[in-house]
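Need the complex rebuilt from these two chains, each delivered in its own frame; the hints are there to steer you.
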Amino acid sequence: MSLLHLAIISPLLLALLVPIFYRYFRQIHTGWFLLPLPILLFIYFLQFISHTKNGEVITETAPWIPSFGVDFAVRIDGLGLLFALLITGIGSLVVLYSVYYLSKEHEKLNTFYIYLLLFMTAMLGVVLSDNLIVLYAFWELTSFSSFLLIGYWYHRERSRYGAQKSMIITVLGGLSMLGGILLLHIMTGTFNISEIILQSGDIVNHVLFIPAMLCFLLGAFTKSAQFPFHIWLPDAMEAPTPVSAYLHSATMVKAGIYLVARMTPVFAHDGIWIWLVAGFGIVTLFWGSFSAVKQTDLKGILAFSTVSQLGMIMSLLGIGAAALHYPQLDDSFYTVATTAAVFHLVNHATFKGSLFMVAGIIDHETGTRDIRRLGGLMNFMPITFTLAIIGTFSMAGIPPFNGFLSKEMFFTGMVRVLEMDIFNLETWGFLFPVIAWIASVFTFIYSMVLLFKTFTGKHQPDKLPKTPHEAPIGLLISPIILASLVIVFGFFPNILSHNIISPAMESILPGLLVEGQAFDVHIYFWHGFTVELFMTIGVIALGTLLYFTYPKWSRVYGIFTERFSLNRAYDSLIENSQTGSYNFTKTYMNGSIRTYLVYIFSFFVFILSVSLVAKNAFVYDTSNVSQIRIYEIIIVLIMAIASVTILFAKSRLTAIILLGAVGYSVALFFVVFRAPDLALTQLVIETVSVALFLLCFYHLPKKRHEERMSFKLTNLLISIAVGAVFTLIALSAHSSKFFEPISQYYVENTYEKAAGKNMVNVILVDFRGFDTLFEICVLGIAALGIYAMIKLRMTRGKEG
Amino acid sequence: MTNLILLPILVPLLAGIILIFFTKNIHLQRWLSGISSLATVVVSAFVLLKVRQDGIQTLALSSWEAPFGITLVSDMLSALLVFMASIISFACLIYSFRSIGEQRERFYYYSIFQFLLVGVNGAFTTGDIFNLFVFFEVMLMSSYVLLVLGGTKIQLRESIKYILVNIISSALFVVAVGYLYSIVGTLNMAHISQRVSEINQPGIITVIAVLFLIVFGLKGAIFPLFFWLPGSYNAPPAPVMAIFGALLTKVGIYSIMRTFTLLFPHDTGYTHQILSVMAILTIITGAIGAIAYWDIKKIIIYNIIVAVGVIAFGISVMSYDSLAGSVFYLIHDMNIKAALFLLVGIMIKITGTSNLRKISGLIAHYPGLGWTYFLAALTVAGIPPLSGFIGKVILVRSGFEEGHYWGAAIVLMSSLLVLFSVMKIFINGFWGEPKDYPEGKKVPVNQLMIAPVLLVIFAIFYGLGIEAVQPYISQAAETLSNPDIYINAVLKE
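Here the protein sequences come in this chain order: A and B. At position 348 of the first sequence the residue is numbered 348 (my numbering), and the sequence of numbers has no breaks. So my numbering is basically just the index in the second sequence, starting at one, shifted up by 1000.
Don't take each hint at face value.
No more than 20 Å apart at the CA atoms, straight line, and that leaves these computed lysine to any residue pairs for SDA-like [what the hints assert, rightly or not]:
#: 1; chain 1: A; residue 1: K650; chain 2: A; residue 2: L700
#: 2; chain 1: A; residue 1: K791; chain 2: B; residue 2: I1154
#: 3; chain 1: A; residue 1: K753; chain 2: B; residue 2: S1063
Bear in mind the hints are in silico, worked out from the structure with no lab data behind them.
Bound-form chain B, shown alone (with noise of 0.2 Å):
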């Protein structure tokens, strides 16, 4: 029982609050929101060593004990996924300094920032299903504000589809806890779980699972559920969309992982075929669409879908190992897509588009950009000794190993559509003539670089350094393949 795991939804949901009093002096709203963010970073990063240290943490609010209040689980999963997201909202934060423009600062971007981290860290934290929901909607809320903040036509018109698609998966949300609850009579996830071993998951509790898929799979971005996230993604500024593609799909994620291994893992044979069908038609359509594009964000966006599948993938193969490469896969790919996101932002402030075929030749004036992004994307393509390599060498032999020949073969293969697509910006875009852009010979790019390189040497140290980080993973995975440990740091504590 500690306070501590509290912090990292405590420390930004305070700072937030702060912030709304201080719109007009940005200089002060600058230094409060870094500050608060990397306080976050911080405490998140205790938590991370307290868990490995300890063991599972776990806090019940206002002292009722599980399951009759809320309690917040902090397993390594949860403590590593808070950690991932500080650390990539600090980075997004810093890059928002020299892009966001003092209109939007004025208008509490920070403040929302901050608010939209709560509800991530908090999704990630909560051992209650209905808190999930509540910071979910957190989280959301956020997330319209900051697609929308602006009010330019593309994110007004690209705000009401995000809106609507994500009332619809609330609704469902919330119905999905509300069969459950009529079945099983709780909400504290360790409790279902327990409950749902006990009676050995009837048809319904299967049926609901799916319907669980469907709502997660909808703010996860998992096919044939993805349809609302190529367009809204693409309205908001390079910070915002960085911080979207980084954390918010994989929020969903996170929740199919922690719902499919803890709360319905008892028909396996079902609910995680279905899983694995959509993930490898995820990964398909994914990497259509990222090859289809010449417009550098909607390559980058849909690079999210197909990892969302291959994250997808390992959970469904539901292996110790596999979830092992999953968790290393989600991790890893947290931290590239910010910094890819946050390296296009910069291409497209060099030249005032997102268009590729009327890019070329940026590396002539821009060799740090160019070799960053050379960079990122063989993360993000999987090459070793890269951060993306061995989440996705411990998937691939996991799906073999477990006999899913084809999804396996296709999370390989689907390495060199991510990187034709990628590598496509960097041959178009960063080599052949050097243009003139609108904007001048020369954008001073270099504090803007800040962010993305700390992203990718974050990218070069996971990959290099797997030795170091495999204990938590395996903690992690450890927890994932056997919910009893989960159930009692809960229960019995």
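Only chain A is shown next, with the shape it has when bound in the complex (with noise of 0.2 Å):
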């Protein structure tokens, strides 16, 4: 345990506190409390990049379970010092914003913080994790404080349908996940990514390796909401809107952009993983943009943005991996979709969270979402317009922000596919540019949606339920300070380079750098007129006539109509699954007993008639068995008749009297068989069972209420191959002794040792006395219950 494990599952332990804060100083917003840690453990981690900058890597163990591998390893590298630097900074933003956000005296602040510690928690091992178990523990534990906090105003139905989504979408991706360490592990035999990074070039040919890297990406593309698998994202959006801005837009989703990149040294040595990763990438960009445009809930706009720029960033790694296969080109300049990758994740998480916390305060001041109801309020709140245009220009990828040097980035990474001449990308590979640009088109009128349709236009007061004003200062100080994020990235870039993303860089692309160098990184704003120039200017100019257009080619939407949509299908399939299951259960489980008796005996029919042919185990064996004598055929025809008149006997009576033939028949077997003191125990039975039912019967009503069981010969063809197959196995057994039986020692020594003289009463109460003793038991616990049954008759009140 060290001091970084502590840093981990410091917000985890300041979780158990909460409770203590919020009942005892109710006066006191909790959110303050919470405040310091992100601060702190923010401060505690930039301290790492004088480290990283030079390509130190450090590592903490703490044992678990070492005996299956399994340890909480800590590792800082490049890569997941960026996303702690992400989680805390992000996270301290957001606490703040939230004291605003959330009323102390109407909301349950003690649940919601503590969800919201638990993520910290669970995100930050989540990258800092070197042992994938461990990685796969707070992956899973980020996927239920996700839940519990889509769920928070749990009283609404849509939030519980939502959380429910989420859950299901992103824990089928975590099991999917597991699947794949688990084959990573049974290739390498260890659980540690760095040790497992070392062995890929091994493990690339191995039959299981493209199994275990879909299972992977199953895993990365449902966390990071990559088409088809985006669905829970927009449901997310549930959650109170600081939620949405962390979790939902800067730190979760980026959990599979983080495996992505961290399991690229390992997988990226196979085409399929580029081609995936970056098609699946670059899809996600298209539809995640053309839905955005479409919707009217600025979150909904926002949720769909987030999952159009998730896959911008997912492309990206797909892209840039392709450098792994041309080791001799070092002037980046196929790793500049990476370096594309890494800022626009930083550039993603400042301009979309502003934009998150500016949605939140018009929803808070205006009591409303929906912009067909919002218009014109830059006169009611200048700065949060101000925000705005920062935010949605930054992402719309116009100078001088920064999105628009990672939207540049973004283009070169491309534009130079198509120059790639491996695994087939000089076929349909022109295809990424010609994507990436109508997306970016779609993606500048959303963000203009977004920003006009709020901030301009006609006042709509009347259907505004609160009347707007400009938002207190808390609430602005964490969009303000992400905006101006925005702008001094914008323009000084190079603050990132060298500190942050070069670093991160050699985590994704270890193979591609001698020791001691590092990845050369600059970021400009002025290229030359060069194709990506033209592109953007492009974007500009077809964005700007479609947004006035808008109602013209609006219509396009339609053809994508609601019952073919995903949703659609999502919520057939939970609501089929369910029915169908039901109704499926039902048709076997039908409550009656025949029926299931049925099912049991074919199936003892079956397996053991299959068996008995399978294993050729049928033995039939004369040679030590005695003659039949004429009495014993007798015996056995009295027993066969009288057991088959049971079934058709009409009274009782006559039932009792042919129940007690058979069994009478058996004593006489005995006798035959020369075991006079058994013949002698059946007798009595016979006659104190036989008597006693007549007695029970005297009580009985005298009308038997009878069903009258149809024939079914279905189950007489069972009854009799039931008793085929036993017979069967029985002569085999009795043909097949292989061993003098252990009964030999009774009769040597019943009298020796023992001193009994009747062996049979021996082995009853001495030899195997244990066995008699439990069968007492068993009378006497039967006896219990007849009269328990008897004498207690509740009625059907209420069980707990």
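Okay, here's the thing in structure tokens:
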């Protein structure tokens, strides 16, 4: 356990204190008690920059389950640190924001902050764990803290729906990732990522390599809301806005990005990885931005925009991984995509975080987030308006904000795909820049919708639940800080390049560097009149045009009716799987014991006869069998006839007498086989039970209610088959005596050692007296049970 | 040779007998049964430590040496299961104090409860196949009584079915033992194992192995033999349901584990293949059942079936790792199923219904119940670091390793359906608008919460402290994967 471990679990520890803060310091907003922690952690993690900058990696290990190779190994490298800073940095701002956003009078702040702290620990754990099992544990913890936060207002139907949806989809991915982890462990014998990376060259041809990769990708794609798994993210917007800003845009949804980046050194040796990551990313980019335009809820727009931006980062990671196959090109020709990915990751956190907070402010101050009701707010909320301009322009890729820089680099990365000639990228690779450009047009449009529909146009006070006014300063601090970062990173991107971006890239593409070398990252505005610049100009031009002509082409969205949407598919999957399961289960669980017995005996006959045949197990050996005598045949016939007649007996009395006949015949058998004491026992039992039956019947009502059972041929066949199988196995078992039975010992020792003269008695009370003891016990229990059953008749009351 | 291993059978037996004489004095009954249950926990803990220290413990009853007399054998698996059974029955007993009601208490409830534990502990401990049958009978007879005790309509109806199925399976059991005796001429399991391997498990023994699989599959509720279970477990009150769900099916599974590793391990290509198919179908049908219902009892009941399938899958893979995984999972599942049934019992107590559509918003008034349930739900779905996780991981990994890709993948993905089914209760029952129930605003549940909270705490420690548990499990798995250890301990004293 080191300070680093403590840093990771410190939010969890603080969470334990939250109930105390909440209960005993009701006057002070609980958030204030939390705020120092993420700030301290942020500062703590900042100091690691000086290490990671020089390519150093800090590792600490605390044992958990060493016998299975599972240790709480923490590893800080460029990539992990970048995420840790995002988590704690944005975390601080979000906590601050939430203090003003959530009222201390009306909200259950204790649960809210416990969930939030839980998430913080979980997320730090995901990005800093070097052990995949521990990573997985934290991964699931992020899913569940997200689940709880989405369902925070649990009395709302939509919140519960969104929570369940996010849980199902992300846990599906999590389980798949776990499968991938186990497959990797089978291939490499370790759970430690750094050790797996060392072996990555050896496992690439392993038969489990591709399945493991697919498992990991499913995990990453579900978590990072990649098409078609993105459907949970828009519904996750039911969470309070600070949560949306934190989990569902800046951090948790980037866990999938993190995973892909982290596993790139392991899996990128195969072209499938590049195709899948880049392919899913680019499709998500397009679909997200395309869908965002038609949204009417501010947070809905932001949700789809997040989906789209995550797709963009994903595709960049995919393309950037191709650089691993061009080690000879060292002028960052292909690694530019990776640079863009990391850079945009940071940028997205800043501008999207501030935009979510702006959306929260608008909701808070006007009472609605519906852009059809909003409009003309710039006069009422000038500061918020300014913040929104910075955020949306950066998102749209307009200079001089940081979004422009990363968007340019994104275009560069995509255009360079055209030059690649590996893994058939020369065939369909040209689609990447094309789709990227189209998607950027839509990005531009929804950014403008977000800004102008809210702040310009006609003010509609009658449609707003509240009279709008500027937000209190407390709500504004956090988005102001984020917006300032948007500008600072826009003008001075090289603050990040050596401290953050380059070390992170080293983690993603470790094979490309020789010892002591670092990625040379320079980011600047002006590249000359390049393709990328014209692409940007094109985006702005076409985007503006389409923005103004939106009513003319909005019918496009009519093509994708609700009926065929993915959400509809998900809903009907959930609904149909439940009703389908119910119908399926009902068909065989019909509550009738007869049916169940038919199943059981059919299975019995089937599996045993198959086994008899398959194992060639039927043996019939008459060498050791004595002559069958005529009275044995007679007894058997009596038994058979009596048994069959019972089934057709009309009166109870007949049935009992027939039953007695069967029992007495058995006793006769004992006589014939020279076991007089057994015969005696059997006779006594039969006599007593027949007598008891008759006695009972005296008290039963005269009329016997009888439902006539219809004759069922299948049941007859099954019963005959059961008998036949029994007989066949019995014959075989009898014919294959391999050993002298232990009973010989009893014959020899009954008198000698047990000092008894009747062997059966001695077996019952001495050799196997333990059995007898508990058989007596069984009878005793039965007696108690029958007594209780007769005496105690409770009406169907409350059970619990 | 030690008498110690007899104690977990003897203590409840004596307690059960003594309790018969004090039916009128309920307080005394509670005290007596509580003390005896606690004593059983203590002695079983001693057995556990003893086995850990000195290896397999045996006891030849009446000093008739194996294989001629009856031998009790406590290997690590037995000791662990006896320990768990004692803990769980203790928890269910505490819960019963506050919930079972005076009427049942007057009619030998506590007595029968102890007898049930006698049967369960005996079945786990015996080393004799016929004696196993006897303990099955003790256990089943007690379960018949517990099921029918109270005599409500649903109880009577379901008891008939339950008794019928179990009588049939008992008959099959005796017949199977008879067949086996005819061939190998012995009843001591170590001796049977030795003799079967001497003749290299001929075809007829394999057929009998399948017959045993049917017998124990009926008890353990494996597809396609589990049909009796959902109805009959639905009938009795919560603590009985909990102890049935936690212990009875597990005795069946234990018996499969025992017979398929010790007696019939020579034709795994056939017998274990059958088991594997049955296990996977069990998981699938169980999971389908679990998501089908909106009845909170039924949801948990079908989850029993899923877990049985998972454990059976581990047995069918039959590698050291998979057996260890099965043992991990078995112990976890006994614990958490008991907890879930008790929690569901409390929900029913509060709301007066088990229909999930009529329940909502419980967490507003019962946060403790809600969060305990939440943790239990995550545990049962195998979310790390709670207890279901490690067993599942080892099982799935060994499945992949041995080439059972589909089976392992189904085990893994069954977690999702399990999670869906149990979280359905959380999302709809605990979340949502609080409702008024016939019982009034606030039902006192604190004392009822003790038992499930203890069990959930156990689940947390079992998950986090897996390193401490691991030596026990690997000792158990070692014996399972190497029958010679067992044989030598029993026959070459």
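Inset, instruction - For the pair supplied as a hint, K791 (chain A) and I1154 (chain B), confirm whether the alpha-carbon distance does not exceed 20 Å. - result: Holds, at about 17 Å.
Legend entry - Restraint check for K650 (chain A) with L700 (chain A), where alpha carbons must lie at most 20 Å apart: holds (16 Å)
Inset, instruction - With a cut-off of 20 Å on the C-alpha distance, tell me whether K753 (chain A) and S1063 (chain B) pass. - result: Judged against 20 Å, a Cα distance of about 11 Å means the pair holds.
Hint compliance for this structure: no hint is broken.
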